[in-house]
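The primary structure of each chain is shown beneath.
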Amino acid sequence: GESVGLHLPTLSVQEGDNSIINCAYSNSASDYFIWYKQESGKGPQFIIDIRSNMDKRQGQRVTVLLNKTVKHLSLQIAATQPGDSAVYFCAESGSNDYKLSFGAGTTVTVRA
Amino acid sequence: DTAVSQTPKYLVTQMGNDKSIKCEQNLGHDTMYWYKQDSKKFLKIMFSYNNKELIINETVPNRFSPKSPDKAHLNLHINSLELGDSAVYFCASSQVRNTEAFFGQGTRLTVV
Numbered sequence: 002g003e004s005v006g007l008h009l010p011t012l013s014v015q016e017g018d019n020s021i022i023n024c025a026y027s028n029s030a031s032d033y034f035i036w037y038k039q040e041s042g043k044g045p046q047f048i049i050d051i052r053s054n055m056d057k058r059q060g061q062r063v064t065v066l067l068n069k070t071v072k073h074l075s076l077q078i079a080a081t082q083p084g085d086s087a088v089y090f091c092a093e094s095g096s097n098d099y100k101l102s103f104g105a106g107t108t109v110t111v112r113a
Numbered sequence: 017d018t019a020v021s022q023t024p025k026y027l028v029t030q031m032g033n034d035k036s037i038k039c040e041q042n043l044g045h046d047t048m049y050w051y052k053q054d055s056k057k058f059l060k061i062m063f064s065y066n067n068k069e070l071i072i073n074e075t076v077p078n079r080f081s082p083k084s085p086d087k088a089h090l091n092l093h094i095n096s097l098e099l100g101d102s103a104v105y106f107c108a109s110s111q112v113r114n115t116e117a118f119f120g121q122g123t124r125l126t127v128v
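Top line first, the protein sequences correspond to chains A and B.
Heads up: the first sequence begins at 2 in the working numbering, then just goes up one per residue.
Heads up: the second sequence begins at 17 in the working numbering, then just goes up one per residue.
FYI, nobody ran anything at the bench for these hints, they're computed from the structure.
The C-beta atom is built at its ideal place from N, Cα and C for all residues, glycine as well.
Among the chain B residues that face chain A by a calculated CB cut under 10 Å, a handful are:
id, residue
1, Thr47
2, Tyr49
3, Ile61
4, Ile72
5, Arg113
6, Asn114
7, Gly120
My request is simple: use the sequences and hints to build the entire structure.
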């Protein structure tokens, strides 16, 4: 079956630096990818998404990169702030799926 | 104003009891989901409904029974609760499949 996972379970970042969170997936049929942020005691919140016909998408301080050749997804956060401390999840789905399949999550801690 | 709301937020109960978690979305979405998040933060799909019809039942024990009285509601009833059912349960909804899902704030279930 498919799996979505993150390379590192934790990431410690100095405030003001850029963060890069990586994710690998195995299902070649996946065509929709999404990043969520989950703060303590809350539900996952949408950050940014990308479809397989694109390889890069930018939002406010965030960029998602998709490399379909190696089945790799990354989230870049510019000028990381204390409020960015959270658990970050990548997720994917295929065109016929009625679900998102989530990776294990990366805990990002921002150092002041 | 809450897009996806679930009640209760916390639920502590004894083994063997039966409990329900309610979920409502006011986004006009056609698809609703239940996810389970374990102690390691891993998010796994349990059920997916589209227009009140069950689409996905991801090998969940039949002690768990979802019910969708209308497109805006998806409740989760759990019979004969076990210690291993302790987790955070998230309700979510999306406009269509294969797109962003909006999550509720979660229900932390503790079985003692």
